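Protein chains: 2
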Amino acid sequence: MSVTAAQGFTAAGIAAGIKENGNPDLALVVNQGPRLAAAGVFTANRVKAAPVLWSQQVVKGGQISAVVLNSGGANACTGPEGFQDTHATAEKAAEVLGHSAGEIAIASTGLIGVRLPMDKLLPGIEKAAAGLSAHGGEKAAIAIKTTDTVHKTAVVQGDGWTVGGMAKGAGMLAPGLATMLVVLTTDADIDTAGLDSALRAATRTTFDRVDSDGCMSTNDTVLLLASGASGITPGLEVFAEAVREVCDDLARQLIGDAEGASKDIRIEVINAASEDDAVEVGRSIARNNLLKCALHGEDPNWGRVLSAIGTTSAAFDPDKLNVAINGVWVCRNGSVGDDRDLVDMRYREVRITADLAEGSETAVIWANDLTADYVHENSAYSS
Amino acid sequence: MSVTAAQGFTAAGIAAGIKENGNPDLALVVNQGPRLAAAGVFTANRVKAAPVLWSQQVVKGGQISAVVLNSGGANACTGPEGFQDTHATAEKAAEVLGHSAGEIAIASTGLIGVRLPMDKLLPGIEKAAAGLSAHGGEKAAIAIKTTDTVHKTAVVQGDGWTVGGMAKGAGMLAPGLATMLVVLTTDADIDTAGLDSALRAATRTTFDRVDSDGCMSTNDTVLLLASGASGITPGLEVFAEAVREVCDDLARQLIGDAEGASKDIRIEVINAASEDDAVEVGRSIARNNLLKCALHGEDPNWGRVLSAIGTTSAAFDPDKLNVAINGVWVCRNGSVGDDRDLVDMRYREVRITADLAEGSETAVIWANDLTADYVHENSAYSS
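Top line first, the protein sequences correspond to chains A and B. What the first sequence shows, in full-length UniProt numbering, is residues 1 to 383, in sequence order. What the second sequence shows, in full-length UniProt numbering, is residues 1 to 383, in sequence order.
One should not assume that every hint holds.
Copies of the same chain look alike in the list, so a pair counts if it works inside one copy or between any two.
Unchecked claim - Straight-line distance between alpha carbons at most 25 Å, and here's what the computed SDA-like set of lysine to any residue pairs gives:
hint, residue 1, residue 2
1, K263, A380
2, K127, R244
3, K263, D373
4, K320, R115
5, K120, G62
6, K127, R348
7, K60, D344
8, K263, A372
9, K60, S133
FYI, nobody ran anything at the bench for these hints, they're computed from the structure. All figures in this text were calculated on a predicted structure; none of them were measured in a lab.
Pulled out of the complex, with its shape left as it was, chain A reads as follows (with noise of 0.2 Å):
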């Protein structure tokens, strides 16, 4: 289903050959209208890559007709032959489309710092093209997986309205947000200023809420297509839900599967000052590497956990910071709480709760645990 659940789309994937080991590598998505509206969310890493400072631009625009998007290349750090290599890109794709090139959006995912091989890109685009279906949504969500072990789609149906969507990501993914392509597509008719604030809304507690190892990649990019095609406008309030929980399931799915993870760890700030001050210590926790080998090793660590807090700006008294791991409040006014051999760590999930017992604001983040297995995918990735 993937982003071909709604209808008024069509996507294809395919093997073009920029990945070295024949698997499929690009992915065309395709606004069939009558809408052409879209919104759009980057990385805030101050490092661009090439596309997306193209798709930035066509945003900007507030149409999308179609997106290419390719792995086995992240088309980053390559200086201005890698954004003419982008544009280039969006050219091939709109003469085969009959589209404008300036409402093509591109999204590349892969190593850093080395040009994309345009001379199997630009084919492998009329192959796509060649290919696309209204049932090619699983196929495009394959082919942008990287390091990925399993593709990642999601649909939630509206009142005669759907949104769905495709996502890649396995690591470096941190807030701001995670190395991460994302499409969202809906048949629901909404103009672009519906879109984008409904898109920012539902990123902003889910795919920003992710740190699965604090590192924040170039390209991250999250895309929400209309077309229109059901030729319903639901209340922008259900739509906004709509693709917050698609958004939310997919990036569950991206936790789920983070490089060399063995624990999902849900991070619960409660009774905070502020939301800022919740995100802030939630955030804390999730990239303290001691806490996350401790999990790993399923000792339920709780002076870690007081540990990263009191790196925080937060408002908080030490002496009254209460955390609970799976449900047992091991820590109860900054000191020895209930027995830790009462907290089950057999499951993958793990539950930390953090009372900052200064207001009631919460915010909740995802993180994953630190293993030797990361350790191992990551010192051999490139090499």
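Chain A is fixed; fit chain B onto it per the hints.
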């Protein structure tokens, strides 16, 4: 040598039974005067261990007659009872040594969230006091080890005066400061204000720029004690430089013995608009798990350096960034530079130079790589 290299100091290190394995775990350092001047810097973590809270108060008085240090337990997150344990430790040392408890500094290291076995610790103080010696510095340095594989000492000789010291620390090393206990002694005749300015200047560019694993401890303590026993008052500048040299030496020893590390990474940020920018960029590079894994795999992955720089708020233009690894400028103008195959990664020390091309400020941060051994050591530590 260690803390007894300077005249006017005695020390001891013994096994009090705090550690279950019977290893040395209690150190005592006594200033025999004639001066009892002292200065201290402590962790910036807002969750501070009981001995940190205690010793901060002692240092405010400007005099320290003795320092009691224990490994085998951090006495952090132990509530009012833990603070009472620290107080009782100081009272016991005061009684045994014939000093005021308000002049006894306390430092603890080990697991967070566990009370100290006071029935072992208090008799240990009597035993340590009985063993005090002007040659006891080495034994004291050994007694404060936790996961350290070697004990750490350093000495710098002035013209008729000496600065010496000992340190422990092998993980949870991050700015503001590392998980470390450091006691420096001098027989130079320097007052509290002089000690304080020399110590702050020294730690700012040494211990504060060690970032082994991004984790900030609850117990970091660096104390500088002056006995005045040499009768010589050196110029403050030359004295401060000696203190800086001892701190730099000990800081490098901490990085060299970091848990599970196979590489010592020297990150020099050059041509920054401000020193703050240089430090922010250096720390961001130091904490990037993906880069730390790549360097472990001897992969000169400059793309991950750029990705880390891009997450900072420092002044830079992405298209003007240059990065050298072990002297090879693998990234020029934000894009592919010299051949990465020219980078020789075989040695333990890895030098990264990040050129921001914005100004003339510089900073050096020392870090370690991320290894499977680090994960193993820290996933099993408390269980």
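The hints, checked one at a time:
no., hint, result
1, K263 <-> A380, "both (22 Å within a copy, 16 Å between copies)"
2, K127 <-> R244, "neither (33 Å within a copy, 65 Å between copies)"
3, K263 <-> D373, "both (12 Å within a copy, 19 Å between copies)"
4, K320 <-> R115, "between (53 Å within a copy, 18 Å between copies)"
5, K120 <-> G62, "neither (30 Å within a copy, 72 Å between copies)"
6, K127 <-> R348, "neither (41 Å within a copy, 48 Å between copies)"
7, K60 <-> D344, "neither (49 Å within a copy, 45 Å between copies)"
8, K263 <-> A372, "both (13 Å within a copy, 16 Å between copies)"
9, K60 <-> S133, "neither (28 Å within a copy, 75 Å between copies)"
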